[in-house]
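**Q** The residues making up each chain are set out below.
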Amino acid sequence: MDHIKKKAYLINTIAVVALYLVFFVLIQTKTMNNYFVGIAIMTCIMIIMAMSLNIVAGFLGEMALGHAGFMAIGAYASASFSMALIDSGLPLPQLVILILAMIVGGIVAGIFGFLIGTPTLRLRGDYLGIVTIGFSEIIRIFFINFGPTGGAAGLKGITRLVNFHNVYWVTIIVAFLIFTLGRSKQGRAIISIREDEIAAEAAGIPTTQYKVLAFSLAAFFAGVGGALYAHYQSFLEPSKFGFMFSIEMFVIVVLGGLGSITGSIISAIVLTVLPEMLRSFAEYRLLVYSLVLIIMMIFRPQGIFGRTEFSLTAFIESLIQRKNVKKSIGGGEAS
Amino acid sequence: MTVLSAKNITMQFGGLTAVDQFNLELSANELVGLIGPNGAGKTTIFNMLTGVYVPTMGEIMLNDQSIIKKTPHEIVKLGASRTFQNIRLFKDLTALENVKIAYHNFIDYNMIQGMFRTKKYWDEEKKAQEECMKLLDIFDMGEYADTLAKNLPYGQQRKLEIARALASDPKVLMLDEPAAGMNPNETAELMETIHFIRNKFDITVLLIEHDMKLVMGICERIIVVDYGKTIAEGTPDEIKNNSDVIRAYLGD
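Protein chains in written order, with the numbering used here: chain A, 1 to 335; chain B, 336 to 587.
If you are wondering where the hints come from, they were derived from the structure by calculation, not from laboratory data. Be a bit skeptical, because a hint or two may be false.
To be verified - Which residues of chain B face chain A? A partial, calculated answer using Cβ under 8 Å: (1) 408; (2) 413; (3) 439; (4) 530; (5) 533; (6) 535.
Claimed, not checked - Below 20 Å or equal to it, Euclidean Cα-Cα: the simulated SDA-like pairs (lysine to any residue) are: (7) B:412 - A:196; (8) B:426 - A:6; (9) A:6 - B:454; (10) B:454 - A:9; (11) B:548 - B:583; (12) B:454 - A:3.
Ideal Cβ placement from N, Cα and C applies to all residues, glycine included.
With the sequences and hints as input, model every part of the structure.
**A** Written as structure tokens, this is what we have:
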């Protein structure tokens with residue numbers, strides 16, 4: 001790790017901690033009431049969902065429209081697990097239960113990602129999109145008819161383990177992991193498939209293997225997001241994980257820029273907070289929301305950040321530079 | 336010593352025989368040209384040798400190992416890599432990243448180490464960075480390391496594709512029309528480059544080319560195919576005066 005990278009790590013760590021402290025103070029002083037804390041938690045969960053979808057949609061470049069299905073699997077699996085664990089009466093701290101539940105949710109969803117990815121990834125583009133829609137509908141209908149998890153009435157009585165503090169740090173960790181994935185040998189292999197599958201194969205990349213890997217990883221993190229959702233809402237109903245929810249996530253990723261993690265984060269924040277802010281204009285809400293999307297797609301079809309990442313270090317450096325330029329101009333005038 | 340050999344390979348697409356009983360023997364460190372009129376089946380032969388197509392009949396051996404029914408990436412690992420007739424770079428990635436992707440098999444860390452950035456990740460990435468930069472420098476492309484592949488000049492794109500093919504450390508390098516679309520100066524430069532990499536990396540080069548100046552200038556041996564059959568084989572001088580070749584190109 002060289003000097004510049006160490007500096008970047010330091011700056012980003014400071015920024016993340018500072019942001020956390022701001023929220024911490026706001027919550028402690030009750031400046032942010034429960035309603036806003038709730039929005040913040042949902043935003044964090046949507047950020048995780050968008051980033052995980054970005055692995056398939058952005059890195060691998062495939063249209064996956066069934067992300068809600070993986071989220072549902074993660075949510076139900078983790079909720080069943082944590083309920084069983086709490087019933088068993090083991091004296092575990094809440095955080096440990098949550099972490100275990102997230103891992104279980106992630107792994108179960110990841111296994112389903114693997115099982116579904118293996119046969120369907122022979123398809124490309126819109127065909128894959130249709131298959132993934134079909135798959136997520138199967139999941140939804142399965143849960144509607146599955147007695148042990150409450151069926152259509154929903155799963156009640158999940159212990160609420162998620163608060164803003166743990167969801168924030170989980171989001172940061174997931175963001176870090178997906179970011180580093182994109183810059184590792186495995187991430188490069190996945191991205192090369194997006195760029196040109198035939199060339200990737202000719203460059204020695206086992207493309208099928210990496211496609212399945214990308215699909216499973218995306219499902220894993222979607223499962224983690226689902227686990228957080230389950231332990232925040234403390235109630236799950238299958239109808240939430242419908243087709244529109246998958247589309248919503250896909251819209252977030254496209255708007256943020258396919259392949260850009262920071263883009264996904266920003267766009268998840270905007271698209272989760274915006275509908276809440278527009279709540280007072282109830283009847284115009286969907287209109288404004290759609291208009292924002294249309295305007296965005298006309299003027300910036302590649303998304304907010306395109307394929308690039310927002311870099312805090314570069315941003316700070318450009319600020320310093322601008323200041324210096326101003327100073328030197330000012331100095332020139334004085335002399 | 337034979338590095339790559341093909342025995343009686345045949346490729347049929349439905350009723351059409353694109354390649355008929357083709358034979359090939361490449362010795363170590365040889366520079367061989369494969370020429371023929373349009374539609375003669377040269378690229379089909381390439382695709383069979385690199386695993387894109389599975390021959391209908393015949394046997395292909397790479398370093399004494401059969402590569403029939405092996406996938407392209409397995410064949411790359413066994414030591415044969417290629418470039419494409421129409422350049423296929425990873426357009427939205429930098430030149431360095433293009434090379435690093437092909438260097439994939441020599442980077443040794445798993446996904447968990449990569450995602451958590453352990454010491455092994457940094458060591459291996461540093462090694463990869465240095466090796467790939469070295470490779471770009473060999474092609475005088477060090478200054479373009481951070482340029483997106485799509486923004487490179489045409490000649491540099493061709494070179495980058497060769498550099499990428501070399502990153503997987505092949506024994507046999509197959510170039511599919513490397514001079515296509517190049518002007519005479521660029522072609523001359525390319526000739527030098529091909530000669531140079533053959534000696535520098537000690538590899539066997541098989542190339543398809545339409546530019547006769549290039550083929551006659553650098554190939555030690557030339558194989559001429561027409562309608563999927565070998566019609567002549569020999570040194571450039573022999574080929575130039577071969578009546579079958581002249582007939583294939585110019586007609587009776």
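**Q** All hints are to be evaluated individually against the structure, with a verdict given for each.
**A** The hints, checked one at a time:
For the restraint placing residue 408 (chain B) at the interface with chain A, the shortest Cβ-Cβ distance is roughly 5 Å, inside the 8 Å limit, so the hint holds. Violation of the interface hint for residue 413 (chain B) is found here, the shortest Cβ-Cβ separation to chain A being roughly 10 Å, above the 8 Å cut-off. Contact between residue 439 (chain B) and chain A, as hinted, is supported at the beta carbon level, the nearest pair being about 6 Å apart and thus within 8 Å. A distance limit of 8 Å between C-beta atoms decides the matter here; for residue 530 (chain B) the minimum to chain A is near 23 Å, and the interface restraint is violated.
The criterion of a C-beta within 8 Å of any C-beta in chain A is not met by residue 533 (chain B), whose closest approach is roughly 20 Å, and the hint is violated. Checking residue 535 (chain B) against chain A: minimum C-beta separation of about 20 Å lies over 8 Å; hint violated. As the CA atoms of residue 412 (chain B) and residue 196 (chain A) are separated by approximately 19 Å, the hinted pair is consistent with the 20 Å bound. Our distance criterion of 20 Å between C-alpha atoms is broken by residue 426 (chain B) and residue 6 (chain A), whose separation comes to about 30 Å.
The suggested pairing of residue 6 (chain A) with residue 454 (chain B) holds, with an alpha-carbon distance near 14 Å, which does not exceed 20 Å. For a cut-off of 20 Å, the pair hint linking residue 454 (chain B) to residue 9 (chain A) stands: about 15 Å separates their Cα positions. Note on residue 548 (chain B) and residue 583 (chain B): the hinted pairing holds, with a Cα-Cα distance of about 18 Å set against a maximum of 20 Å. Proposed proximity of residue 454 (chain B) and residue 3 (chain A) is supported: the alpha carbons are some 15 Å apart, at most 20 Å.
Comparing the model with each numbered hint stated earlier shows that hints 2, 4, 5, 6, 8 do not hold.
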